[in-house]
Amino acid sequence: SQTIHQWPATLVQPVGSPLSLECTVEGTSNPNLYWYRQAAGRGLQLLFYSVGIGQISSEVPQNLSASRPQDRQFILSSKKLLLSDSGFYLCAWSRGADTQYFGPGTRLTVL
Amino acid sequence: RKEVEQDPGPFNVPEGATVAFNCTYSNSASQSFFWYRQDCRKEPKLLMSVYSSGNEDGRFTAQLNRASQYISLLIRDSKLSDSATYLCVVNRPSGTYKYIFGTGTRLKVLA
Chain A
1 SQTIHQWPAT LVQPVGSPLS LECTVEGTSN PNLYWYRQAA GRGLQLLFYS VGIGQISSEV
61 PQNLSASRPQ DRQFILSSKK LLLSDSGFYL CAWSRGADTQ YFGPGTRLTV L
Chain B
112 RKEVEQDPGP FNVPEGATVA FNCTYSNSAS QSFFWYRQDC RKEPKLLMSV YSSGNEDGRF
172 TAQLNRASQY ISLLIRDSKL SDSATYLCVV NRPSGTYKYI FGTGTRLKVL A
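Note that the protein sequences, when read in sequence, are chains A and B. Just so you know, the first sequence maps onto residues 1 to 111 in the working numbering. Just so you know, the second sequence maps onto residues 112 to 222 in the working numbering.
One chain only, chain A, in its complex shape (with noise of 0.2 Å):
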């Protein structure tokens, strides 16, 4: 079976420091990945989406960037986070455009 994992599960950061978020899929290959935040509050927002190695397609434009050196693992970073970049960041990954199986995300808090 396929699963997913995310770390840290929570993070508070000082605004300017730099982030990476880390989320990896186990049980499948050359699946579609995804990072999505969720403001407090509100619904999700889809950051960026991935159909494969080094393939990045970015949904918003702000100070976040993302990457996947591997067919399995997709990074989400920044060098300077902000205080509206607190939120709660979810991984995903689908099969094509089937259903989407989301990671147990992480709350990141910036002060």
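Rather than coming from a laboratory, the hints here were simulated on the basis of the structure. This one's a predicted model, so the numbers in the text were calculated from it and none came from an experiment. Heads up, the beta-carbon is just placed ideally off N, CA and C, and yes, glycines get one too. Hints are not guaranteed to be accurate.
[Unchecked claim] Okay, the calculated beta carbon distance ranges per label pair:
1. B/Pro119 to A/Thr28: 31 to 41 Å
2. A/Leu82 to B/Ser164: 43 to 53 Å
3. B/Lys156 to A/Gly54: 28 to 38 Å
4. A/Thr28 to B/Arg152: 19 to 29 Å
5. B/Glu116 to A/Gln62: 19 to 29 Å
Got chain A; can you put chain B on it based on the hints?
For chain B alone, coordinates are given in the frame of chain A:
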């Protein structure tokens, strides 16, 4: 107009009640539809896919109306454990792998 719209609720219903949620989508070329459930501070989890002919899973029934561009979720015999936020999800037309999430409808089942 938002791509996917849901009534935010909350819907407060007594145990045993039947409750229905609707979700409208704007892109008539959308092809895949889902209902997810999200508990407080947790990741969304797939509740059910929505098929053109309608489908049922225990107490849950999902229907799709392509002509009017809406999907619905009916919950019969509500349980306390059904309390959650229900997210409507629509994928963009073929050739992309982007999913659009509604902001969710909050359900509270009361004892």
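Provide an ascending list of the numbers of those earlier hints which the structure does not satisfy.
Nothing - there is no hint that the structure violates, so all of them hold.
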